[in-house]
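Top to bottom, those sequences are chains A and B.
Residues 1 to 137, numbered by this note's numbering, are exactly what the first sequence covers, in order.
Residues 138 to 220, numbered by this note's numbering, are exactly what the second sequence covers, in order.
Possibly wrong hints are sitting among the right ones.
Calculated Cβ distances over 12 Å to all of chain B for the following chain A residues [unchecked claim]:
(1) Trp13
(2) Asp15
(3) Tyr41
(4) Phe50
(5) Ala53
(6) Cys87
(7) Gly100
(8) Ile104
Computed Cβ-Cβ distance ranges for the label pairs, DEER-style [stated by the list, open to error]:
(9) His101/A - Lys176/B: 34 to 42 Å
(10) Pro18/A - Ile178/B: 34 to 42 Å
(11) Gly46/A - Tyr171/B: 23 to 31 Å
(12) Ala174/B - Thr66/A: 14 to 22 Å
Worth flagging that the hints you see were computed from the coordinates, not collected in a lab.
For glycine and all other residues, C-beta sits at the position ideal for the given N, C-alpha and C.
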Amino acid sequence: MRVGFPAGPRLEWYDRNPQAARQQYSGTNVTPHAFTIRFTYTVPTGKKTFVMAAFVRTIRVQVATTLGPSTIGIYLADKFLIARAHCDNTLYSTVAAEVGHSGILLAGETCKGGTSDASTGGQMDFDIITHLVEFNA
Amino acid sequence: MVKVKVKVVGSGTEADPFRVRLPTYSMVPGTEEYADAEKKIFKSVEVEVPDDECDKGRPDKAKIRAKYRGQPLWDRADVLSDI
Numbered sequence: 001m002r003v004g005f006p007a008g009p010r011l012e013w014y015d016r017n018p019q020a021a022r023q024q025y026s027g028t029n030v031t032p033h034a035f036t037i038r039f040t041y042t043v044p045t046g047k048k049t050f051v052m053a054a055f056v057r058t059i060r061v062q063v064a065t066t067l068g069p070s071t072i073g074i075y076l077a078d079k080f081l082i083a084r085a086h087c088d089n090t091l092y093s094t095v096a097a098e099v100g101h102s103g104i105l106l107a108g109e110t111c112k113g114g115t116s117d118a119s120t121g122g123q124m125d126f127d128i129i130t131h132l133v134e135f136n137a
Numbered sequence: 138m139v140k141v142k143v144k145v146v147g148s149g150t151e152a153d154p155f156r157v158r159l160p161t162y163s164m165v166p167g168t169e170e171y172a173d174a175e176k177k178i179f180k181s182v183e184v185e186v187p188d189d190e191c192d193k194g195r196p197d198k199a200k201i202r203a204k205y206r207g208q209p210l211w212d213r214a215d216v217l218s219d220i
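The whole structure should be built from the sequences, with the hints applied where relevant.
What follows is the structure, encoded as structure tokens:
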């Protein structure tokens, strides 16, 4: 005996009204600052969101007078997904990290990107990018 | 996306980071204004907000409450009262 759904099988997630919800912050020549959430994405009601990829990068573009740790990270539902600390005062030193498919966010959950730089003087470039796809739950 | 200037809240710590009281936003680099420039305490910043959360160039309470219906943080009468 075959068992099926009268109205047909449920569509795959990528066919359920998918929408790109990319989030990005690219700051150049950023001076030292305390921990700051550069972007927030909240999953709307009735949706879920696939985290397709995430990328973070820092570049020291001006040396600091006194070096302090500089951090960059992406947080899913307020937990670390990807994070790096940059503790190198060499001009153009770079720290980067990336991850691929990282799971699904439920309605009301968030994806946030944050930066900080505890140095005195100097400047950094920060890039935080997440590729998100939102679809009907 | 709609660009708007909004208030920054928080104290810059891990537990209470500088942030904006909107469900979805992205800060526009270089638009930060400081309450205390020496201590780097943010006062305001320009952010980009999705079109479907705005009306007449500003974040709209009714649209945000509808989009995030049932979510305690955003589906409330005083949402956007302090941005």
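A quick look at each hint next to the structure:
Distance to chain B confirms Trp13/A as a non-interface residue, since its nearest Cβ pair spans about 20 Å, more than 12 Å. In this structure Asp15/A is separated from chain B by more than 12 Å, as the shortest Cβ-Cβ distance comes to about 21 Å. Not every Cβ of chain B is farther than 12 Å from the Cβ of Tyr41/A; the closest lies at roughly 5 Å, contradicting the non-interface assignment. For Phe50/A, the non-interface assignment is confirmed: its Cβ lies about 16 Å from the closest Cβ of chain B, beyond the 12 Å cut-off.
A cut-off of 12 Å between C-beta atoms confirms that Ala53/A is not in contact with chain B; the least separation is 17 Å. Every CB of chain B lies more than 12 Å from the CB of Cys87/A, the least distance being 17 Å, so the non-interface label holds. Every beta carbon of chain B lies more than 12 Å from that of Gly100/A, the smallest distance being close to 22 Å; the non-interface claim holds. With a cut of 12 Å on Cβ distances, Ile104/A stays outside the contact zone with chain B, its closest approach being about 17 Å.
Separation of His101/A from Lys176/B is about 40 Å and conforms to the stated range, judged on CB atoms against 34 to 42 Å. The given range of 34 to 42 Å is respected by Pro18/A and Ile178/B, whose C-beta atoms sit roughly 40 Å from each other. For the pair Gly46/A and Tyr171/B, the supplied restraint of 23 to 31 Å is violated, since their beta-carbon distance comes to about 39 Å. Checked against the hint of 14 to 22 Å, the pair Ala174/B and Thr66/A passes, with Cβ atoms roughly 18 Å apart.
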